[in-house]
Structure formats: structure tokens, C-alpha cells
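Number of protein chains: 2
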Amino acid sequence: MQGVEGLKVVLEERIQSIAFNRPPAELYHPITYTLHSKGKRIRPILMLIACQMFSEKFDEAIDPAIGFEVFHNFTLLHDDIMDNAPVRRGMPTVHEKWNANTAILSGDAMMIEAYRFVCKTPAKHLGPILELFSDTALAVCEGQMFDMQFETRNEVSESDYMEMIRLKTAVLLAASLKSGAIIGGASDADAERLYSFGINLGLAFQLKDDWLDTFGNKQEFGKKIGGDIVENKKTFLLIKALERANENEKKELISWLQKKEFVETEKIASVKRIFEVLTIDKLTQKKVEEYSEKAFEQLKEVQLPKDKKVILESIGHELLGRIK
Amino acid sequence: MQGVEGLKVVLEERIQSIAFNRPPAELYHPITYTLHSKGKRIRPILMLIACQMFSEKFDEAIDPAIGFEVFHNFTLLHDDIMDNAPVRRGMPTVHEKWNANTAILSGDAMMIEAYRFVCKTPAKHLGPILELFSDTALAVCEGQMFDMQFETRNEVSESDYMEMIRLKTAVLLAASLKSGAIIGGASDADAERLYSFGINLGLAFQLKDDWLDTFGNKQEFGKKIGGDIVENKKTFLLIKALERANENEKKELISWLQKKEFVETEKIASVKRIFEVLTIDKLTQKKVEEYSEKAFEQLKEVQLPKDKKVILESIGHELLGRIK
Chain E
1 MQGVEGLKVV LEERIQSIAF NRPPAELYHP ITYTLHSKGK RIRPILMLIA
51 CQMFSEKFDE AIDPAIGFEV FHNFTLLHDD IMDNAPVRRG MPTVHEKWNA
101 NTAILSGDAM MIEAYRFVCK TPAKHLGPIL ELFSDTALAV CEGQMFDMQF
151 ETRNEVSESD YMEMIRLKTA VLLAASLKSG AIIGGASDAD AERLYSFGIN
201 LGLAFQLKDD WLDTFGNKQE FGKKIGGDIV ENKKTFLLIK ALERANENEK
251 KELISWLQKK EFVETEKIAS VKRIFEVLTI DKLTQKKVEE YSEKAFEQLK
301 EVQLPKDKKV ILESIGHELL GRIK
Chain A
1 MQGVEGLKVV LEERIQSIAF NRPPAELYHP ITYTLHSKGK RIRPILMLIA
51 CQMFSEKFDE AIDPAIGFEV FHNFTLLHDD IMDNAPVRRG MPTVHEKWNA
101 NTAILSGDAM MIEAYRFVCK TPAKHLGPIL ELFSDTALAV CEGQMFDMQF
151 ETRNEVSESD YMEMIRLKTA VLLAASLKSG AIIGGASDAD AERLYSFGIN
201 LGLAFQLKDD WLDTFGNKQE FGKKIGGDIV ENKKTFLLIK ALERANENEK
251 KELISWLQKK EFVETEKIAS VKRIFEVLTI DKLTQKKVEE YSEKAFEQLK
301 EVQLPKDKKV ILESIGHELL GRIK
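Keeping their order, the protein sequence lines are chains E and A. 89 is the number that the numbering used here gives to position 89 of the first sequence; each next residue is one higher, with no gaps. 32 is the number that the numbering used here gives to position 32 of the second sequence; each next residue is one higher, with no gaps.
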């Protein structure tokens, strides 16, 4: 069995060695540019770990794992056009560096490349993996559509929000784990348990991300704090705050949401204070814990000796920033 | 064996019965809208015909045939964003009716749906069909990129242009035929012959389309004549005219290309006259004939009795508007 660090090295080497050298360069260069920029590679790593939990090796899962990572990077490329985002991983986004048409078309080619890698799954598992991959890819599109709709929608409930992040974030993590398990020869029941582990881990991870954006510190979070507040993003925090606020608090919150001109630090501090008064920070942490616990309960149920599960357990804790 | 009209009825009924009823409606409605608008369904019809040539039935090819048609419609949806086209098949394009972000994201979902249909290919043929489909889909993206680049490129040679239309148009027709042949149980050699038939048919078809845009009549062509001239499109006609023109003719042609303000009918008549003086109309017709003949020679080589090939032969002639 390879440890996480070893898997990361093998995977990154494979990813960096992928070259799309055919003409036209303007179609393929943005794909390499996106894929070779340093991401955390969470999805393929989860797939490799899940595979070797059941089969002691991970080589049959490498190509589909890369396929899932290529797909994830494709979604970032197209999402950045839709969100009009200028920077990703510290570098200009594709539509900024080239143009929107190039970003649309290179993204399309990138999704096809993702399928090409997934199609290298060993024949006996190809059918179910492809089905899972396509279902998941569609769910991710659904999640992105809901996310865009929420921007202009007045009422977004907690359950709307949880469904959106399930689709946009959790299902791809879950499908990575389940695919690895299938390729590793897991039973259907164990593959489902890993799927459920992934869903709950993904939900906890996204809620933690919402929390960090307001209550974290820049070192831990990796980007500036308060961005969601500045942009009025309908996060778990804002949705719950609007739900819990009394009349005065709601009025204050909404006046900050409607202000066109403001000092950023002032808006961040004021909204953060309202969140704290409403104990939204603690509520969010509690939710993160709840979903984390659900996740790890599922992992416990997987029918393998404990020592097979420690790697997944530790990367799960790492992702959630928990020391255990 | 079903005749072409019978196949069209079966296919159209299946396509019209496809409903994507899941939320979010804004993601799935544009897919149905695009797919249900009346196209010629050339690609899936070719696949069904090719399949039944070898196996007497076509039912195993229906789902992948729909997959190829969904993919083709996806490319139209995304191309229309890139080309800023307001109308398609007499209806507002998706980015016009909804917006660009919806068109990008629905297109993405549509490509995934295309793969879902292609994945319903019977297991024993799934591997090769998927590989062919992905390779072809990438080639189509390459063709679209070249086409976009040609708009701003000064020098485009005949061979650049032929390669572009091979990628953008011919390979998908060829792959449809080859996939049908594979599913029908054709030998590798016969499947390759149908591929080659499709490439040459596709090239002839596109050149004919270029010719019709300038020299056709509105009834036959289905859209207004002279659009390519008005838009300075680098078609086979313009490329060959620039190549053949003497100094004076070149000067006149380029002055028309550079004019920002002009009376459309005047520009069309003048450029058309230059084409005629340079006998570009006859040259193009000759090229159409050359590629058509190459196509039908390949069909002749297919190791089947003549009566199995008549349907494909007649639809080939129909596509090229030839009476034979």
C-alpha cells in the first residue's frame, strides 16, 4: 500500500507528463495550462486510496482517476467564464488569458479528454464506471445551474443550499471514492458506503469552506477573508443568518446587502458581528461536525480491517482541518 | 430492411419522445428545445442504414445513433454562441432565447447526454465505438477552432480549408457510418470503406454547400443566397478565387472584402461575377464530382451484394442533390 504522499507523487508525475501536442495549439494549450496548474488533486487521490483499500494496488485506477481530475478542471474552466472570474490558482483564467470563445471550445475538448481517460477503465468495470461518471457529471452541471440561479433568487432555504452543494461539490468526491472501490473489487455495499462517506465529507468540506471564508485566517484559508460577505454570496452563513435574525438584525443585514458603495473592511466586520450575535459561527461548526461524523460512521461500516482504512480516515480529517 | 423514410419516422419518434424533465428546468429545457427542433438527422440515419446493411436490423444502433445526433446538436448550440448567431433552424438560438451562461452550461450537459446515449451501445462493441466517438468529437472541436482562426487569418490555402471541413463536417458523418457498420457486424475492412465513403461524401457535401450559397437558388438552398459573400467567409470559392485572380481581379476582390459600407446585392453580384470570370463555379462543381466519385467508389468496394447498398447510394446522391 502506498501512503498519501507517495500516491500524490505518482499521480502528479503522470498528470504533468500528459501533453496535448496536436494542432491547433489554441485548442490544446489551454487544456494543458489548466490541468498542469497546481490543484490539490483531491478527487483522483481519493480514487486511488479507495482502490488500494480493496486490492492492495492502484494502477488500474490511475487513468480513470486522471479522467475525474480532468473533468473537475474542465468544470473550473467553464465556471470561470460564467462567473467572470479573472484569476484561478494565482494565474489568469483561460478566458482572460485567451478569450471566451477559446475557453468555451477548449473546455469542450477537455471534457472529451476526460471521457477518454475514464474509458481506459479495465473492460470488466467500464460500464458501471461510465454510468456513474456521466450521472455525476450531469449532477455537477445541475449544481452549477442552481448556484447561478441563487445569485438572483430572493429566497434560498437551507435545504436548497445543501442540495446545491451536494450536486456541485459532494457527488464528484463521492463518485471518485465509489469508482476506486469498484475498480478495487469492493462489494456493492462497501462501494455504497464509500459513496455515502464521500457525500457527507463533501458537505462538511463545503460548509467548512464557507466558515473559513468569514472566520478563518488567511494562512489557513489560502485566500483573503471576507470575500463571500463582500460579494453577498448566499452561503450557509448568510442563509441561516437571514433565517435567525430578528427584525432589526434583518434590517441591518439587508441594508449591507443592498449597499452599492461601502468600505470593504467595514462591511466585513459588520456582517461578521451580526453572524456572531446570531451564533452562526458555532452553528456552522456544529453542522460541519455532524456531517463529518456521519461520514466517518460510514467508513467504520466498511467491511475491512481497521488498518486498511487509516489512510482514508487521515486524509478525511486533513481535508476538514481536524486534528485527530 | 427499412427504407430511409421508415427509418426517419422511427428515429424522429424516438427523438421527440426524449424528455429531460429533471430540475433545474433552465438546464434541461434548452437541450430539449435544441434537440426537438427539426434537423435533417443525417448522421443517425446514416448510422442506422449502415447497421442494417450488415445485420438486416438497426435496433442495436438506435441509442448510439441518437447519441451522435445529440452530440451534433450540442456542437451547433456552442458554435452559435461563438459565432454570435441569432437564429438556427428558423428559431432563436439558445444564447438569444436564454443567455450565454445558460447556453454554455446546457451545452455541457448536452454533451454528457450524448455520451450517455453512446454508452448504450451493446457491450461487445462499446469499447471501439466509444473510442471512435471521442476521437471524432475532438476532431470536430479542432475543426471549429480552425474555422474561427480562418476568420482573422490572411492566408488560408486550399489544403488548410479541406482539412478544416474534413474535421468540422466530414469526420462525424464518417464515424456515424463506421459505427453503424461495426454494430451491424461488418468486417474491419468494410467498416473502413464506409468511413472513407463518409469522409469523401462529407467533403463533397460541404463544397456543394459553399457552391449553393453563391450559385444556388433560395428554394433549393433553404436560406438566402450570397450570405458567405456578404460576410467575407473564407469558403472554397473565395480561397480559389484569390489564388487564381490576376492583379486587377485581386485588387477588385480585396476592395470588396475591405469595404465597410456597401449595398449587399451589389457586393454579391460583383464578387459572383469575379468568381464566374475565374470559372470558380465550374471548378467547385468539378471538385464536388471528384469527391463524390471517390465516395461511391469506396461504397462499390464494400463486400456486400449490390441490393444491400442501394439505400446508402440513394441517400448519398440525395445529400449531394444529384439525380442518378
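Keep in mind that the hints are not guaranteed to be accurate.
If chains are identical, the list can't say which one is meant, so a pair holds when it fits in one copy or spans any two.
[Unchecked claim] As a list, the in silico DMTMM-like pairs of lysine to aspartate or glutamate whose alpha-carbon atoms are at most 25 angstroms apart:
#, residue 1, residue 2
1, 234, 26
2, 251, 13
3, 233, 131
4, 233, 26
5, 260, 220
6, 97, 83
7, 120, 297
8, 233, 213
9, 306, 5
10, 120, 252
11, 260, 313
Don't read these hints as lab results, they were simulated from the structure.
Taking the hints in turn, this is what the structure says about them:
1. 234 x 26: between (36 angstroms within a copy, 20 angstroms between copies)
2. 251 x 13: neither (53 angstroms within a copy, 55 angstroms between copies)
3. 233 x 131: neither (33 angstroms within a copy, 41 angstroms between copies)
4. 233 x 26: For residue 233 and residue 26, only the inter-copy Cα distance (21 angstroms) is at most 25 angstroms; the intra-copy one is 34 angstroms.
5. 260 x 220: neither (30 angstroms within a copy, 56 angstroms between copies)
6. 97 x 83: both (15 angstroms within a copy, 20 angstroms between copies)
7. 120 x 297: Neither: 33 angstroms inside a chain and 36 angstroms across chains, both beyond 25 angstroms.
8. 233 x 213: within (11 angstroms within a copy, 50 angstroms between copies)
9. 306 x 5: within (20 angstroms within a copy, 63 angstroms between copies)
10. 120 x 252: neither (55 angstroms within a copy, 55 angstroms between copies)
11. 260 x 313: The answer is neither: 45 angstroms in one copy and 66 angstroms across copies each exceed 25 angstroms.
The structure is inconsistent with the numbered hints 2, 3, 5, 7, 10, 11, although it conforms to all the rest.
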